Amino acid sequence: MTNETVVAASPARLFFALWLPPAVAQKLHRQAGGIVGKSGGRLMREESLHLTLAFLGDVPERRLPELHRLAASLSLPRVPVRLDRLGFWRHNHIVWAGCGEAAPDLSALAAALQKALVAAGFLDGERAVTPHVTLLRKAAHPGELPALPAQEWSAGELVLARSWRTDRGSTYEPIARWPLH
1 MTNETVVAAS PARLFFALWL PPAVAQKLHR QAGGIVGKSG GRLMREESLH LTLAFLGDVP
61 ERRLPELHRL AASLSLPRVP VRLDRLGFWR HNHIVWAGCG EAAPDLSALA AALQKALVAA
121 GFLDGERAVT PHVTLLRKAA HPGELPALPA QEWSAGELVL ARSWRTDRGS TYEPIARWPL
181 H
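Residue numbering for the sequence shown follows this note's numbering, starting at 1 and increasing by one per position.
Since the hints were derived computationally from the structure, they do not count as laboratory data. Small disclaimer: the values here were computed from a predicted structure and weren't measured. Hints should not be assumed to be uniformly reliable.
[As the list claims (entries may be wrong)] Pairs of lysine-lysine, DSS-like flavour, derived with a Cα cap of 30 Å:
hint: 1; residue 1: K27; residue 2: K138
hint: 2; residue 1: K38; residue 2: K138
hint: 3; residue 1: K27; residue 2: K38
Make the full structure from the sequences, and use the hints.
What follows is the structure, encoded as structure tokens:
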């Protein structure tokens, strides 16, 4: 995929994220597969596991070139990511992998990105980011979750992705990528 990829003519539900390296995604997906047996729910597809930095919602196609230019103009740093904890959010029935300790570099990256998106009118305001990767949706309470062996990597690219809903849940597709420096 190139940075010039254009999506469908209708507004697209877009978000910026860090995509997981394949080896990390595989390990987390395998761990989530062991949880789904006792909690039910829908296992997220391995190739779509990501950590959202900014959810934009519906963006008209005519604004996509502007969004691509904005992302290309940003000089955002590579950040270390460490996922070492599993959790469950009862209010939205999600089992997730996240950070056991504060992740200041990751939070600063999300804040810098969101600040630029607010200034360009793509977001109404900055939102606090709770760094996590959704592993299961529509899960019942899984009870005590197993320990998560730490998954660490250096995030080297910013991904613009599109989401859409199907009868089998949400689907995510990366549509453009930019390096983090």
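> In ascending order, which of the hints set out earlier in this document are inconsistent with the structure?
Replying inline: none
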